Amino acid sequence: MPTMLFHAPYPVRGRDTGSGVRPAKMRDAFEAIGYDVYEVAGHGAERAQSLRRLRWDLRRGLRLDFAYGENSTMPTLLTQPHHLPTHPVVDHSLLRLLRRHEVPTGLFYRDVYWRFPAYVQDVGRLIATGTKTLYHAELLAYRALDRLYLPSRKMASFVPWIRNAQVAELPPGGEIHDSRRELGGELTVLYVGNVSEYYRMHELFTAVTSTEGVRLIFCTPAEAWEAVGREYPLGETGRIEIVHARGPELLPLFARAHACLLTVEPATYRDFAAPVKLFEYIGHGKPVLATAGTHAGELVESAGAGRQVDYSAEAIARQLRELRDDRGALEALTVQVEQVREQHTWRARALQVAADLSAGGPAR
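Its first residue numbered 942, the sequence shown is counted upward by one per residue in my numbering.
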């Protein structure tokens, strides 16, 4: 059986929201496509133990087809629960060992929030100075990788030190669910995700309250809604439902929805962000309305998975009316999403990595 190494500087399991689901999904997808997965993950002591075992196994003849890692949003040195660098060389030693044994290497680099002014405001100037130094040092080390995967190629301009030749796009994936509902009845649209000063959706609420025959199921964490919910008018029609579901609790919500939403106010960060929820929507076979000009909007259009819509109450309401009044168009969009969703699963992402890293060996 072919063998690949999976690396993460934290426990792979137990991260079940947003981008936190990605490491476990990718690890399991490699297994699903036929690889024996050699895991070097967990807290520092666990990774150090796994590294010692790996050295021994390589001396005994273990052959790795490739190695793939998922980085953290914080510097790798600080991923311990107490955020102290108790194992400062283990991950760099792993990379050196893999290079010495000519194992093709790739890593998914998930986030560049640290490159934006809001990061300094959030963590403070003193902490930001230290963490930014660590981020830069990591990226210098990542130049030795054969592939550096990003959520989108647009993100590359925000990532210093990397080589253009090593960059590849690897957005999130989804899982296939049979969640189709009948076309009739009140047009029901679903949003699943955060809401905050950064994730602003005021125009959506205005659009729904002004559009008869449309119901919005707005699923967001309770603490997020408590913080900003007073800013959002629910109207008096009862057509906006605020729910706080997660995991399996989401399944009946998807079953009720005709379409899903990513109509979030544009921001520079969203010019290249590839939300996990977009691919969850696609996996459920739901057409998506996403804000025009965002990377999510471009993905929706290029994949044939829905429509881009300007971030204004008038534009959103117009799209909602079209789907409400033309169920043939809604049916056509749904069929199109169901046809393309196999291309956007976690399995498809794992196959892409395997093809990149095991076909021609290291890409120089």
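Take the hints with a grain of salt, since some may be wrong.
As the list claims (entries may be wrong) - Under the rule of at most 30 angstroms between Cα atoms (straight-line distance), these lysine-lysine pairs were calculated in the DSSO-like manner:
#1 1073 with 966
#2 1095 with 1073
#3 1095 with 966
No wet-lab data here; the hints were simulated from the structure. These figures come from a predicted structure and were not determined experimentally.
Verification of the supplied hints:
1. Simply put, residue 1073 and residue 966 have alpha-carbon atoms about 29 angstroms apart, close enough for the 30 angstroms limit, and the pair holds.
2. The hinted pair formed by residue 1095 and residue 1073 meets the criterion: a straight-line CA distance of about 21 angstroms does not exceed 30 angstroms.
3. With a C-alpha separation of about 24 angstroms, the suggested pair residue 1095 and residue 966 falls inside the 30 angstroms cut-off, and the hint holds.
The earlier numbered hints are all upheld by this structure, with none contradicted.
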